[in-house]
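Asker: If you want the building blocks of each chain, they are given just below.
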Amino acid sequence: MKTRPMLTLDDCKKISAAAEAEAKKNNWNVAIAILDDGGHLLHLVRMDGASPFNARTAIAKGRTAAESRRSSQVWEDRIKAGRVSMLGMPGITPVQGGLPIVVDNVCVGGIGASGVQSHEDEQIVAAGIKALG
Amino acid sequence: MKVLKTAMAAAALVAAANVLAQQPNPMDNVPDKMPNDIPYGMPISLDKAQAAINAAIAESKKRGWKLNVAMVDSGANLVAFARMDGAQIGSIAISEHKARAAAKYRRETKAFEAGVQSGNNYLLTLDDVIASRGGIPIVVGGHLIGAIGCSGGTGSQDEVVCKAGADAVK
Chain G
1 MKTRPMLTLD DCKKISAAAE AEAKKNNWNV AIAILDDGGH LLHLVRMDGA SPFNARTAIA
61 KGRTAAESRR SSQVWEDRIK AGRVSMLGMP GITPVQGGLP IVVDNVCVGG IGASGVQSHE
121 DEQIVAAGIK ALG
Chain U
134 MKVLKTAMAA AALVAAANVL AQQPNPMDNV PDKMPNDIPY GMPISLDKAQ AAINAAIAES
194 KKRGWKLNVA MVDSGANLVA FARMDGAQIG SIAISEHKAR AAAKYRRETK AFEAGVQSGN
254 NYLLTLDDVI ASRGGIPIVV GGHLIGAIGC SGGTGSQDEV VCKAGADAVK
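Line by line, the protein sequences are chains G and U.
Numbered per the working numbering, the first sequence spans residues 1 to 133.
Numbered per the working numbering, the second sequence spans residues 134 to 303.
The following block holds chain G by itself, in its conformation from the complex (with noise of 0.2 Å):
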């Protein structure tokens, strides 16, 4: 039987807390969710400030990276080149901002930061990463 690396609550705080102190440290107020291989939620934060629409756009690149195992900003890149039909992609926020978090080269989920702009979502969701070490 196969098995597989998981995210724990333990490690969702982590990696969250530090997604929050990488925002808090440039005054951005943000919401950052992280979700299972599977897409569904773990958990989620939305800061003082942060608007309902950022808590539910960061579920969504959050569960875009988790699911198709790539940054969102993968699929925005390829609109952008041209391939429209790719806004069709069922399930797809194709937006910079959410990352697939990897371990020993397996998605176990995605995490996705919305609040500031797009490179900066990214830059919050890439400290949080680092902290799973």
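Keeping only pairs whose Cα atoms sit at most 25 Å apart, straight-line, the calculated DMTMM-like set for lysine to aspartate or glutamate is:
#1 U:Lys199 to G:Asp37
#2 U:Lys181 to G:Glu20
#3 U:Lys194 to G:Asp10
#4 U:Lys195 to G:Asp10
#5 G:Lys14 to U:Asp180
#6 U:Lys237 to G:Asp48
#7 G:Lys130 to U:Asp218
#8 G:Lys13 to U:Asp300
#9 G:Lys25 to U:Asp180
#10 G:Lys14 to U:Asp218
#11 U:Lys181 to G:Asp48
#12 U:Lys296 to G:Asp48
#13 G:Lys13 to U:Asp218
#14 U:Lys296 to G:Asp10
#15 U:Lys303 to G:Asp48
None of these hints come from the bench; they were simulated from the model.
Knowing the structure of chain G, use the given hints to seat chain U on it.
Answerer: Chain U in isolation, oriented as in the chain G frame:
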């Protein structure tokens, strides 16, 4: 014979209608005051929301349970969420739904459960209702600032954990 049976059935119907007419319909009662008249306040802070979720998780851990815990603000929008290791994924949405309904309707979701149990099935036709205990509004200084919802166990287990979370920030 057939004619007689039909006549008897008709008489029974008339009698039943008379009994119904004699009993007052409790739905016709018009109270003077508004029920659950709690003003919506400022949205709960993330710190407070996380304090409630942590307290709920601590209670759940103590009992060896695995639940999903969601916190919404005074506008019923998600503020924080945590899924304990091994918690049922079907209950992710339910925990948020319970919190949302408790905020929107300014009452515990247990009230809907009790209502349906006593036969008021019309409650299930109201928008975004969930008739299951485990959703509790957070009222501070007379204002509703948010609501917490728990799901993953029996309704009674969900409620115990939910209460522990709500009590931590009240």
